[in-house]
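Engineer: These are the residues of each chain, in order.
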Amino acid sequence: MDRRTFLSAAAVTATVSGSIEGASAAMAAVRPDPIDFKSNLPATGTFPQKWICGSASCMDNTDPPVHVHWYNPHTAILRQNKAYSYEAPFAPLYFGNDRVLLLDEGFVQLRNDWDLRSVVDSCIEDWCRRNGRDPASLELLVAFSHLHIDHYAATNQFADRPNTRYMGLTHEEMVGFWGMTNFPEERVTLDLGGREILIWGSPGHVISEFAYYDSYTQILYTGDMFYRGRCYISFWEPWFASMQRLIAFCDTHPVTHVMGCHVEISKDGKDYPYGLTYQPDEAPVEMTVQQLREAFAMAKTITKPGIYFTGTVFLCNQTRHLTTIDRNPYKYT
Amino acid sequence: MAEMTMNNACLTEKARAAPAPSYPNGNPNLPYNPPGVRNTDSAIPLHRNTPVQHDYRSDGPAAGTLGFRWTYGSNVAAKNRDPRVQVVQYNEDTFVLRQNVCVHWEAPFTYLLFGNKGALLIDTGATTDPRHYPLRETVDAIITRWAKARNRRNVPLTIALTSGEDIAQNQGLQQFADRPDTTIVPKPLELMKAFYRLGSWPSGTGKIDLGDRIVEVIPTPGTHKDGVSFYDPYCDLLFTGDFLYPGKINISNDKDFIVSLQRIKAFIVGNPVKWILGGHIEMMFVPGRFYPRFATYKPYERVLEITPTLVDEVLKYAQLVQGKAMMQIRGDFVLYNGVSPDQRNADWPGDLPVIDPPRPF
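These protein sequences, in sequence, are chains Y and E. Each residue of the first sequence is one higher than the last, beginning at 83 in this note's numbering. Each residue of the second sequence is one higher than the last, beginning at -11 in this note's numbering.
Calculated directly from the structure, the hints in this document are not laboratory data. Note that beta-carbon positions come from the ideal geometry of N, C-alpha and C, so glycine has one too. Watch out, some of these pointers could steer you wrong.
Unchecked claim - Here are the simulated BS3-like cross-link-like pairs (lysine-lysine), alpha carbons at most 25 Å apart as the crow flies: (1) Y:413 / E:243; (2) Y:352 / Y:132; (3) E:136 / E:175; (4) Y:413 / E:105; (5) E:243 / E:213; (6) E:243 / E:304; (7) Y:386 / Y:413; (8) Y:413 / E:175; (9) E:253 / E:181; (10) E:253 / E:213; (11) Y:413 / E:136; (12) E:213 / E:105; (13) E:213 / E:304; (14) Y:413 / E:181; (15) E:195 / E:262; (16) E:253 / E:243; (17) E:262 / E:175; (18) E:105 / E:175; (19) E:262 / E:304; (20) E:213 / E:181; (21) E:195 / E:175; (22) Y:413 / E:67; (23) E:105 / E:136; (24) Y:132 / E:67; (25) E:304 / Y:413; (26) E:243 / E:312; (27) Y:386 / E:213.
Unchecked claim - The following residues of chain E were derived to be distant from chain Y, with all beta-carbon distances above 10 Å: (28) 57; (29) 69; (30) 92; (31) 138; (32) 204; (33) 256; (34) 257.
As the list claims (entries may be wrong) - From the structure, some residues in chain Y lie toward chain E, with a derived Cβ separation under 10 Å: (35) 316; (36) 317; (37) 320; (38) 356; (39) 357.
When you get a sec, could you build the whole thing from the sequences and use the hints?
Structural biologist: Right under this line is the structure:
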């Protein structure tokens, strides 16, 4: 069985061993009907009014290291506290009948810095309690949008977690994880057990990047390739082609929200400079398809490297680390 | 010391019989004592009955050292448990305070100097909230302890800023607003000039008399329009704030910056300077490498002190960047003129060795 058939096959849970306890057996016996992820779409959900966003003094931050928000009963969105890392990435957690998909992780490596794995485990336990499942029966897939350390650093926390598979840290392993043979054009379907995730290549920020579309909430997750902040475009032509793919997808599929991995911009469009650990007035993470289209319309006019503001995001065309938007505030003549 | 009554069994019969001056704790001028010994007297004798008049005359710089490593934040800033204010005693009458990097990324340095008539606090840190940054509490405690050792009831405090407009140095000022026996140098440029009697700004110098220790105030606009530097003739230290420090120097007016550098260069010729102590550290201990803005974990920082010979190099490269929008990396500093504070050059200066600092994890 190759990787792709293995992924799309219905989950065959571990064979019940002879020594299983009565309680577990009883639980398995009363396993409820599968959740229907295919009708009444899109599943509604809400984003929080305000995410945890750091504090003026980092060491006096009293918020948890990661903000867990339940978008709806089957979708959680995690966001790292800015006082734990300025990158503060977002990480959706999609639940299906057979498996759970964690997309991106957060900028943490060691469990004693902060324990992402326990946070994910408690989300899974929470969901299982609400839905009468056994957490051990759910497979966890740990994937990431692209090959940058603020998105994959926590992978090793899952190395000894049972019933877990995670992406490798090379382009080949990442593409192979989703069973793709024609990156980036090929679009594959991941079945979480009634809940389908569409995945295709979205290079431009880096080469190894994917876009993820959840057919249940109809959220389009665009990683660092398009997010509300400074989209560092390392490779313009692949990025533009990826934008074309996103637009073409939005033409043919319903999309409720476009969501990126970070927020680096305030509600009134002010740039929060790179590395900032406190964003008290930050803009929401979710964007509309219209905003994606506006950015694409602007991208069509861009011919030179530089920083371009679309009204929603900054398109930093090949300027990464060479310049930023802000100026020396003390300049005088 | 001379007034102290003599009843010390350690002294020889001959010494006891000798006329004044007498040295109850031994003669500091004896050849086996290094010159700085004359400037140490806070610890002995234990029980004073009059205020101690410290001897601030010294041959060369008064003895002192920055013998400790600065706190440098932590990988997870929220979990940092270092002191919020790190106090390092340079010598008995000179203290260096540093704000914790995880309270504010600027991690500014603050200096506290004592004289026979009062104390001087240079700069006040980047955080107003005393729960996050208890600067006043710390300064008060140092002053109390120092006053006890010198048997002084009142130690008037003067607070001066290397720049009134710099929010990385003026935020702690509010904590001292209601402090008794405290003089705060006014922040607005015109009032500040009047306070120091700097009528011909930016030339001329002002004075802050701490009692036998007269700190000189040198106008150094360039990174801030109201920038000043302070020279302590006792320790031969020059406190320059944002004007000159081992980090990313943002030039706000290149003409002023160069003129101020020339002024400092001339000043150094006429006055001995052991070290220049700036307001921050942003460089790493390898040449030309620096921490980005907002970094809360800086384990490989360069040392704070810079030698006065560096002024020539800064001046040379300041003249190079004058009138141009560019950054210039050098081994111990980086100059930014007319560009974003995060500007980066694609090319590395050819005469600097390429050494990669270790990765923190």
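Engineer: Now look at each hint and say whether the structure bears it out.
Structural biologist: Here is what the structure says about each hint:
1. Y:413 / E:243: Answer holds: residue 413 (chain Y) to residue 243 (chain E) is near 12 Å, not above 25 Å.
2. Y:352 / Y:132: holds (17 Å)
3. E:136 / E:175: Since the Cα atoms of residue 136 (chain E) and residue 175 (chain E) sit roughly 32 Å apart, the hinted pair is violated (cutoff 25 Å).
4. Y:413 / E:105: violated (38 Å)
5. E:243 / E:213: Answer holds: residue 243 (chain E) to residue 213 (chain E) is near 11 Å, not above 25 Å.
6. E:243 / E:304: holds (13 Å)
7. Y:386 / Y:413: violated (28 Å)
8. Y:413 / E:175: Cα-Cα ~18 Å, so holds.
9. E:253 / E:181: holds (22 Å)
10. E:253 / E:213: Given pair residue 253 (chain E), residue 213 (chain E) holds - Cα atoms ~19 Å apart, limit 25 Å.
11. Y:413 / E:136: violated (45 Å)
12. E:213 / E:105: violated (31 Å)
13. E:213 / E:304: Holds: residue 213 (chain E) and residue 304 (chain E) sit about 21 Å apart, inside 25 Å.
14. Y:413 / E:181: holds (20 Å)
15. E:195 / E:262: holds (20 Å)
16. E:253 / E:243: holds (15 Å)
17. E:262 / E:175: Not OK: residue 262 (chain E) and residue 175 (chain E) at ~29 Å, beyond 25 Å, violated.
18. E:105 / E:175: This hinted pair holds, its Cα atoms lying about 23 Å apart.
19. E:262 / E:304: holds (21 Å)
20. E:213 / E:181: holds (12 Å)
21. E:195 / E:175: holds (17 Å)
22. Y:413 / E:67: violated (36 Å)
23. E:105 / E:136: holds (14 Å)
24. Y:132 / E:67: holds (23 Å)
25. E:304 / Y:413: This hinted pair holds, its Cα atoms lying about 21 Å apart.
26. E:243 / E:312: holds (12 Å)
27. Y:386 / E:213: At roughly 36 Å apart (the allowed maximum being 25 Å), residue 213 (chain E) and residue 386 (chain Y) break the hint.
28. 57: holds (18 Å)
29. 69: Residue 69 (chain E) is in fact no farther than 10 Å from some Cβ atom of chain Y, at 7 Å.
30. 92: At about 7 Å from chain Y, residue 92 (chain E) fails to clear the 10 Å cut-off, so the statement is violated.
31. 138: holds (34 Å)
32. 204: holds (24 Å)
33. 256: holds (25 Å)
34. 257: Per Cβ check, residue 257 (chain E) is outside 10 Å of chain Y; nearest 29 Å; holds.
35. 316: violated (14 Å)
36. 317: violated (17 Å)
37. 320: violated (21 Å)
38. 356: Since chain E brings a Cβ to about 6 Å from residue 356 (chain Y), closer than 10 Å, the hint holds.
39. 357: Holds. Min distance 3 Å.
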